[in-house]
Amino acid sequence: MALPQVKLDATEARLAPLTLPDGAVWATKAREEALARFRAMGVPTGRDEYWRFTKPDSLNAPEAPEAALFEGDENPAFCDIDRLSVVFRDGVFDAEASDDLTLEGVEIARLADVMVQDIHWAKDLYGVLEARGQDPVVRPFAALNTAFATDGVVVRVTGKPSKPLHFRYLHEKTDSDAILHFLVKVEEGADVTILEGGPAAARFNKCFEVDVADRAAFHHVRSQGRDHERRAVTHVFARLGEESTFKSFTLTANGRLTRNEAFIELTGDNAVAHIAGAAVGDGDFHHDDTVFITHDAVNCESRQVFKKVLKNGAVGTFQGKILVKAGAQKTDGYQISQSLLLDEDAQFLAKPELEIYADDVACSHGSTSGAIDEEALFYLRSRGVPEAEAQDLLVLAFLAEAIDEIEDEGIAEDMRTRLEGWLLRHRS
Amino acid sequence: MLKINNLHVKLEEEDKQILKGVDLEVPAGAVHAIMGPNGSGKSTLSYVLSGRDGYEVTEGGAALEGEDILEMEPEERAAAGLFLAFQYPVEIPGVGNMTFLRTALNAQRTARGEEELSAADFLKVVREKAKSLKIDADMLKRPVNVGFSGGEKKRNEILQMAMLEPKMCILDETDSGLDVDAMRLVSEGVNALRDEGRAFLVITHYQRLLDHIKPDVVHIMADGRIVKSGGPELALEVENNGYADILSEVA
Ligand SMILES: Nc1ncnc2c1ncn2[C@@H]1O[C@H](COP(=O)(O)OP(=O)(O)O)[C@@H](O)[C@H]1O
Ligand SMILES: [Mg+2]
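Chains as they are written, first to last, in our numbering: chain A, 1 to 428; chain B, 1001 to 1251.
Misleading hints may appear alongside valid ones.
[What the hints assert, rightly or not] Computed cross-link-like contacts, SDA-like style, restricted to lysine to any residue with a CA-CA straight-line distance of at most 25 Å:
1. B:Lys1141 <-> A:Leu377
2. B:Lys1010 <-> A:Leu377
3. B:Lys1167 <-> A:Pro386
4. B:Lys1141 <-> A:Glu387
5. B:Lys1167 <-> A:Glu387
6. B:Lys1141 <-> A:Thr417
7. B:Lys1153 <-> A:Glu387
8. B:Lys1153 <-> A:Leu394
9. B:Lys1124 <-> A:Glu413
10. A:Lys311 <-> A:Ser369
11. B:Lys1141 <-> A:Glu407
12. B:Lys1153 <-> A:Asp373
13. A:Lys160 <-> A:Asp99
Read the hints as simulated data drawn from the structure, not as lab findings.
All chains should be built: construct the whole structure from the sequences, respecting the hints.
Here's what the structure looks like:
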């Protein structure tokens, strides 16, 4: 179907400052195909079904809108954990600041180095899961990412590395426009934890393609940084094999615009996918979780747990779908999206969806929006807990179901501490 | 300890007067009971004293150890030594019972300029007190009152009281919904706290509780007022004859 002229124009304007990077034959082919996908979809507009809640303008703009740097006063996330750190400054790999990339059980290479090699396993993954994830709903910025990303890392996990990999994204220039692309291939029976932290750039476009083989496990925890003015559109495309596990948690505090997309396909029987998020926003904050989970195998479990705490004009949106294909019997699908509105100015918009073509499934979804429970607040205060502290306690309790999705107790505690700090700084 | 003087209270949202001049004085070391028909204002009195929103004091006052409490925030009243065992304890999903107890205790200590209790000391004290109320480790770990039976909720209120060691304890129908064994546990918990420096105001419908927690004075409340006060025998009279006789006698 031909795109309307405005969309064509906006799409070409978006592409104008960009040039396809050089690379090996397969890499160029993948990029050209992605570019063709992007052109066919066009940039999103507010009329597109999955862009009604979130204005794409600042993502469509040819140049990144400026974003002031944030002077942090606490340790960056995950820095107290033993980990292998891979550092990017405004979207560019920094070998100097990164740890040595060798670790038993995992092969890590820089994307820029991989994309020029004639033969590499990345050929079978780069842009492949992203392309699959374009149906039935398009994700134009992911195609844009595949076409133009030059940096990122590719990870092949063959065993159980002794520590997590940590992708650390520093934001140092007020006008940086970063595109990072990551491949994570978790081989049969392997098990990895990947941490992501930091604001990355004034505008950040990120794409993860994650292939989790049979009986493999992928754990993912990220904290998106505290910069108030940054914008980000991120994607996780994942395919899950038999008896595999995918667990992802995201903490978002601040940020003018965040759109986190996930497209997860359960293709092997008995696979488990959990995806959770805790977002807190005060003022100029727009947070969008767009999640699409496809059950295409028997006896799989999926859980979506998304919680948002909003005040002072902050906006949260959730679009989540569970699609159960014919034959995906014994599916156990759960989805909950909730917001806690701390004042009258905050807003939450949700579009929960179930689409089921199998008859023997148990799927449930719920979406709620509410205020602090005044009865509980009074009960706490009557026991001597000061009002602000009591409110914070109730907010953390509200977020608990999402944080509880993090398996590692140390990392969960790190996330809790960050949320406590944020709440303390944002008391009214 | 507690002195309530000609207290008039109406609902904030409606033009409805609920307390119509309550006078009551509970000295340190004493146990007073309030009985009265449903809707007479007993819970309202306990809520107004502890600082819940939604009520407006139109006349009179209340003082704890000589200090006007009605202007204080609920948490300040708690730190000053006031405690209400709720008629309907509130469930708080996501907040562990233990975290709740520790946060409350340390908040009160901080407010009074005392040092916080260390995690280890706290644990020791809470385990000991929980044990005597037959509150097991699981109940301590679970979210506050979530999934607790009626009796467990009431025992949990008494545990909080035992931990916080308030000076003025108000118990609002703590006996309702308790079986005989739970009633004994709760009463023992209360009696263990009886002390020269502490006073109790026990709101109840039943003589039964007062067999265990012996009151010094029994007050009868009706239509927002204390209409009669007397010794423990007044509770027996209510038990045997109901409120009708007393109410017609004072009308
Ligand atoms: N928040 C409220 N809204 C409406 N009516 C109330 C409220 N609180 C109390 N009342 C009314 O005030 C009266 C006294 O209630 P309450 O104090 O609960 O009595 P008791 O505890 O003696 O049974 C009742 O008529 C009750 O319906
Ligand atoms: Mg009552």
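Taken at face value, is the distance from the CA of A:Asp99 to the CA of A:Lys160 at most 25 Å?
18 Å, holds
Restraint status (C-alpha distance of B:Lys1167 to A:Glu387 at most 25 Å)
22 Å, holds
Are B:Lys1153 and A:Leu394 close enough, with their CA atoms no more than 25 Å apart?
Holds, at roughly 19 Å.
Below or equal to 25 Å on CA atoms is what counts here, so check B:Lys1141 against A:Leu377.
20 Å, holds
Is B:Lys1153 close enough to A:Asp373, meaning Cα to Cα at most 25 Å?
Distance ~19 Å between B:Lys1153 and A:Asp373 Cα, so the pair holds.
Does A:Thr417 lie within 25 Å of B:Lys1141 when you go C-alpha to C-alpha?
20 Å, holds
Taking only the CA atoms, is the gap from B:Lys1010 to A:Leu377 under or equal to 25 Å?
Distance of about 22 Å is within 25 Å: holds.
Check whether the Cα positions of B:Lys1141 and A:Glu407 lie no farther apart than 25 Å.
It holds: about 19 Å lies between the C-alpha atoms, which stays within 25 Å.
Just to be careful, I want the Cα atoms of B:Lys1124 and A:Glu413 compared with a cutoff of 25 Å; is the pair within it?
Holds - the C-alpha atoms of A:Glu413 and B:Lys1124 are around 24 Å apart, at most 25 Å.
Between B:Lys1167 and A:Pro386, is the straight-line Cα distance small enough, at 25 Å or below?
OK: B:Lys1167 and A:Pro386 at ~19 Å, within 25 Å.
Below or equal to 25 Å on CA atoms is what counts here, so check B:Lys1141 against A:Glu387.
23 Å, holds
Is it true that the CA of A:Lys311 sits at most 25 Å from the CA of A:Ser369?
13 Å, holds
Against the hints set out earlier in the document, no violation occurs for any number.
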